[in-house]
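J.: My request is simple: use the sequences and hints to build the entire structure.
There are 2 protein chains.
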Amino acid sequence: MPARPALRLFTDAALSAGATVALSEGQAHYLHAVMRTAAGEEIALFNGRDGEWVATLTETGKRRATATAQTLLRPQSDEPRPGPWLLFAPLKKDATDMVVEKATELGASHLIPVLTRYTNATRVNTERLTANAIEASEQCERLSVPTVAEPEKLDRLLDGWAPARCLLVMDETGAGRDVASALSALPPGTEAAILIGPEGGFEKSELELLHRYPFVIRVTLGPRILRAETAALSALTCWQALRGDWQGRPAFRGG
Amino acid sequence: MPARPALRLFTDAALSAGATVALSEGQAHYLHAVMRTAAGEEIALFNGRDGEWVATLTETGKRRATATAQTLLRPQSDEPRPGPWLLFAPLKKDATDMVVEKATELGASHLIPVLTRYTNATRVNTERLTANAIEASEQCERLSVPTVAEPEKLDRLLDGWAPARCLLVMDETGAGRDVASALSALPPGTEAAILIGPEGGFEKSELELLHRYPFVIRVTLGPRILRAETAALSALTCWQALRGDWQGRPAFRGG
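Top to bottom, those sequences are chains A and B.
Its first residue numbered 1, the first sequence is counted upward by one per residue in the working numbering.
Its first residue numbered 1001, the second sequence is counted upward by one per residue in the working numbering.
What the hints contain is simulated information worked out from the structure, not anything from laboratory work.
Treat the hints with caution; some may be incorrect.
Claimed, not checked - Computed footprint of chain A on chain B; a stretch qualifies when at least three of its residues, placed anywhere within it, have a C-beta under 8 Å from a C-beta of chain A:
no., stretch
1, 1026–1032
2, 1173–1182
3, 1186–1200
4, 1226–1235
5, 1238–1244
All C-beta atoms, glycine included, are put in the ideal place defined by N, C-alpha and C.
T.: Printed below as a string of C-alpha cells:
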C-alpha cells in the first residue's frame, strides 16, 4: 500500500489515474494560507465514489488549487456498507454541529433534521451541516460523506416512510427495550434509522403517533437522562458495535 | 412517589427529614437571579450519600440560600452500582469539558486526567471539572457525582494500578479486539477503567508499556478514526449497554 499523505481532502470531481481536479476556493485558501503547501506536494483525495487517491498538487494559489490523481490508496469497495440514518431534532448551533461531526465519525450515512413539537430551532443551515460532515469525513478517514436532508416535520416524515427500514426511537419515558436487547432482536441485514427527540423530549401525542407505526421500535438508553446529542452518539455507537461495521479496523494506523 | 420538583441541586451537607442545609453562594445566585425562586418553593436536593429529597427553600437571598429537607424522593440505594472509571488525556478546554459532562451522563464513577507523551494540555483545572461534573449530575438525574482526580503520568498510574480492575485501552492501531467481543469476554462482576489517548494517539513505547500489564485489554472502536472525546463517549456507552446499568429506566419520566 502506498504511503498515506497526512492531508486528506474531499472533492466532488471524478477521480482516476492522471485526472487533474480543481479544488474549491476554500480548499485553495486552506492549502495556501493555512497549510502552506507548494506545488509538487502530495495530498489524499476522495469523492465518495472512486475510492481514495494519492494526488500531486499541480497549482497552489490563493484562490485556485489543482491536483492530479496518481495512485489508488483504497478502492471505494473498502468502505463498509452504509451505516444507519440519523433523524434528530435541531438543537442549539454548537450541539447540532457536534451531532453532525460525531455522527459522521460514527458512520451515519444520512442525516435528517426533524421538526417536532418541542424542537428549539426551526431554521437549519443544511449547507453548513454538509460542510461540517465533509470536514469530519476528511478527518476520520471515511471514504464517503453522509448526506444532509432538508428539515422535515415528524408527521410528514412518518407518512412517507418506507417501512423496510426500522426506526429506532430513543424514548426517555423508559417504555422501550434496552438498546442491546432491541438491537440483538433485529433480523440480520436490517437497515435502520435512529430518531432522537429535542431537549424537551417528544410530546405525548408524538410518542403515541410513533407507537402506531409497525416499523417503530422504542429503545431506552438507561436510567440517566441523556442530553439529545449524547443520546445520538450513544445510539449510533451501539448500532456500530453490535450490528454495524466495528469488526473493521482503521486502514492506515496499524503498528 | 412524591412529585419531583423541576429544580435539582447537589449539596455537600447531610440530608434527612427536617435538616436545614445552607446552599453555596453560587447556588444562591442561581436561585435568586437566574431562576427567581422565592422562599416556600420546592427544590430537589441530593448529596451522593443520603438519597434525593424534596426540600423547601427557607431563605433565598442574593448570596445566601437555605433549604429544609422534607420528603425522601429516592433512597441512595436506587443508584446503580458505580460505573467504570474514565482515564483521559486532557484535551483542549471545550473538548475536556465535553468529556466530563458526557462521562457523567454515561455513569462514569471516577475521572482521572492522564498525562501521556503526546498530551496537548499539562495543566488541568480539576476544580472546574468537578463543577462541570456536579452540574451534569444535577441535569441527568444521577444520585452521585463522579470524583475527579489530580492529573497523573501514565507510567506512574500503571505502576500503582490495583490489578483487579481491568484497564480497557482504546487503541487506534487496530491491534485490539472489537469492543463488543472484548466486553462480552470479561468475567461477571469485572470492574473496569477505560483509557483514551490524546489527539495524537499513544506513542509506540506507551502502547508497548501498556501491553506488558496483565490487567490491560486493548480494544478497537471500528474502522474510522474517532476523535478522543468521541472515543471516550463510545467506550462508556458500550460498557453501559453491554455490562453496565442500561437495563435500568429513568425514575421520573414514565408515562
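J.: Does each hint fit the structure? Answer for all of them.
T.: Results of checking the hints against the structure:
no.	hint	result
1	1026–1032	violated (count 0)
2	1173–1182	holds (count 6)
3	1186–1200	violated (count 0)
4	1226–1235	holds (count 5)
5	1238–1244	holds (count 5)
Violated hints for the displayed structure, listed by number in ascending order: 1 and 3.
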